[in-house]
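Build out the structure end to end from the sequences listed, making use of the hints.
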Amino acid sequence: MGAAKRRSEELTIRVNAFLNKLSDRDTLPVAASELEAIARGLPSEGFAPFLKCISSTDSSEKSPVRRYSVRLLAVMSAAHGDALSPHLSRMISAVLRRVRDPDSAVRSACVEAIKSIAAHVNSQPFAAILTPLVQTLIQEQDSNAQLGTALCLSAAVEASPEPDTAELSKILPKLLKLSRQDSFKAKPALISFITTAVNAGATISTRKPSNEIVSTAIEFLSSEDWAARKAAAELLQGIATVDKNSTPEIQTACVAALQTRRFDRVKLVRETMNRALEIWKDVDTDESPPEVRITSSPPSSCSSSISSSQKSSITEENHQDLEEFSLIRKQLLKIENQQSDLLQLLQRFMGSSQKGMNSLEKRVDGLEKVLDEMSS
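In full-length UniProt numbering, the protein residues as written are 1 to 376.
One or more hints might be untrue.
[Claimed, not checked] Result set (BS3-like, lysine-lysine): computed pairs, CA atoms no more than 30 Å apart in a straight line:
| # | residue 1 | residue 2 |
| --- | --- | --- |
| 1 | K177 | K21 |
| 2 | K5 | K21 |
| 3 | K177 | K52 |
| 4 | K62 | K52 |
[Stated by the list, open to error] What follows is a list of derived Cβ distance ranges for each label pair:
| # | residue 1 | residue 2 | range |
| --- | --- | --- | --- |
| 5 | A128 | R265 | 41 to 51 Å |
| 6 | E61 | P248 | 54 to 64 Å |
| 7 | A48 | W226 | 45 to 55 Å |
Source of the hints: derived by calculation from the structure; they are not laboratory data. Where is the CB? At the ideal position from N, CA and C, for every residue including glycine.
Okay, structure coming up:
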């Protein structure tokens, strides 16, 4: 017992010494190399003290110290895999402490760390990674933390060999609600995560969630933020690729929305819009949905009750679909009105420009006449 404690203390002293050397530009390369070697060669009893050292770095430390402290989590995950499962919660917490860092390099290290953890530490359910990240995403008010956490979630889903599609489907309504909140600033990153979840197989089993996602994507096509518009187009592209049971109404709404926005002023967004439009045009929809048949049976109070319940359920679903399609049509009308206003402004500008050109031509002609008179 005494020998194990002594080895733990020696490891702590050694790791802290190299962490301090990360602050000096001259000693940084050697210190980083030594720390990575230590992380790869750790015995199982060394996981806890090593994690304690790299997790205790303060926010007042220099950027290289904060960055490498997170990067070492990625190195550990790749080297030791499922042996780190008992320490998974602590590793996730260490990353979440740094997602609000003002230095983008530190936040990028957080994304790489989560990616490595999701790829190599798989013995626990995927929810062990997903849940704390989603909770942080919903609760955080800091824009850097929102952005960093959303990017971490996308990395986790993409890197995981088997992301839990059921859990992803459960959180989709919360994410859609979050995307509409003014307090949430990292909307492009959030929409990109929704796209990643859909592409990973967070299948849309009923029409209602599909309509909600489509409605949200169409709404963001007219966002003032070009990155949000691009992310929304990518989301529509993902839905078209994954959801093979889209109704003709949804296809019509998506094609119409993308048609009105395909001349976006930002080239990157414009190209994404056109790709999504081509994919939606090629989607095969079920033009004749299966009828709901209710088999007739001898009159009885039981069968009458069941039939009434089925009709009520069908009526309610149809009513919900009509409400959602109505919302999509309103959004399309709003987009068309905005486009019409822009066209009018463009026409006015072209008219005023033409008048200016005519005035300029008259002035040039006058000057030419004056010069001719002076020369003669």
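Verification of the supplied hints:
no. : hint                       : verdict
1   : K177 with K21              : violated (45 Å)
2   : K5 with K21                : holds (25 Å)
3   : K177 with K52              : violated (37 Å)
4   : K62 with K52               : holds (18 Å)
5   : A128 with R265: 41 to 51 Å : holds (44 Å)
6   : E61 with P248: 54 to 64 Å  : holds (58 Å)
7   : A48 with W226: 45 to 55 Å  : holds (46 Å)
Against the hints set out earlier in the document, violations occur for numbers 1 and 3.
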